[in-house]
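Residues per chain are reported as follows:
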Amino acid sequence: GAVVSQHPSWVICKSGTSVKIECRSLDFQATTMFWYRQFPKQSLMLMATSNEGSKATYEQGVEKDKFLINHASLTLSTLTVTSAHPEDSSFYICSARSGSTGELFFGEGSRLTVL
Amino acid sequence: DAKTTQPTSMDCAEGRAANLPCNHSTISGNEYVYWYRQIHSQGPQYIIHGLKNNETNEMASLIITEDRKSSTLILPHATLRDTAVYYCIVTQTSGSRLTFGEGTQLTVNP
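If you read the protein sequences in the order shown, they are chains L and G. FYI, the numbering for the first sequence is 1 to 115, going by the working numbering. FYI, the numbering for the second sequence is 1001 to 1110, going by the working numbering.
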């Protein structure tokens, strides 16, 4: 089946630094990718939708200058958490929609811990 | 997308069938019912989806009531590895943005 890979799977950083998380579709072209955030014992919350070659659409309450999303190619989207703080510590999950079949596939998630 | 309601938690004995209910009374005619599950600290995994008819695949069966206002996911022979949070989601198309509710924590006991 189609695979979506996230990297890194976990990262620890100091407060004030920026962290980039990659989401790759390994065997299909993803016209649309979605980024979710999940706090402990809570459900997934959609942060933003990114379409290849255009600006991401952010959900209400998500700071676009804080969470920079780039979808420069049909197989790669990146989420950069800028000036990270401990409250940004979370599990970040991406999903990618196949441009040919329309199916949706999820990555394995990236756990960010900000000290 | 229509809102769904699921029990917070359920328990099931290993080897028995697990029946997970979902209410979606405001579902519209062109909306599908999708089921995903999330094992701890992993990304969601697709299980099954349906529109009107009951569906079965190698993982599970999906039973949708005739009025489409509720559905049941059936894991016919639950194993310990099926312990996870199960999400019932209603959405218009297969590749749409998915809105996750709180889901049902299924615990399969030995």
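These are calculated hints, taken from the structure and not from any lab test. All C-beta atoms, glycine included, are put in the ideal place defined by N, C-alpha and C. There may be inaccurate statements among the hints.
Stated by the list, open to error - Think about it this way: if two alpha-carbon atoms lie no more than 25 Å apart in a straight line, the pair counts; the simulated DMTMM-like pairs of lysine to aspartate or glutamate are:
(1) G:1052 with L:88
(2) L:64 with L:87
(3) L:41 with G:1102
(4) G:1003 with G:1031
(5) L:66 with L:52
(6) L:14 with L:87
(7) L:55 with L:88
(8) L:20 with L:87
(9) L:66 with L:22
(10) L:66 with L:103
(11) G:1003 with L:52
(12) L:14 with L:103
(13) L:41 with G:1066
(14) L:55 with L:27
(15) G:1003 with L:59
(16) G:1003 with G:1066
(17) L:41 with G:1011
(18) L:14 with L:88
Unchecked claim - Negatives, chain G to chain L, calculated, CB over 12 Å:
(19) 1060
(20) 1070
(21) 1096
To see whether the hints hold, each was checked on the structure:
no.	hint	in the structure
1	G:1052 with L:88	violated, 41 Å
2	L:64 with L:87	holds, 16 Å
3	L:41 with G:1102	holds, 9 Å
4	G:1003 with G:1031	holds, 11 Å
5	L:66 with L:52	holds, 20 Å
6	L:14 with L:87	holds, 12 Å
7	L:55 with L:88	holds, 22 Å
8	L:20 with L:87	holds, 17 Å
9	L:66 with L:22	holds, 16 Å
10	L:66 with L:103	violated, 29 Å
11	G:1003 with L:52	violated, 29 Å
12	L:14 with L:103	violated, 37 Å
13	L:41 with G:1066	violated, 34 Å
14	L:55 with L:27	holds, 24 Å
15	G:1003 with L:59	holds, 18 Å
16	G:1003 with G:1066	holds, 18 Å
17	L:41 with G:1011	holds, 18 Å
18	L:14 with L:88	holds, 11 Å
19	1060	holds, 16 Å
20	1070	holds, 20 Å
21	1096	violated, 8 Å
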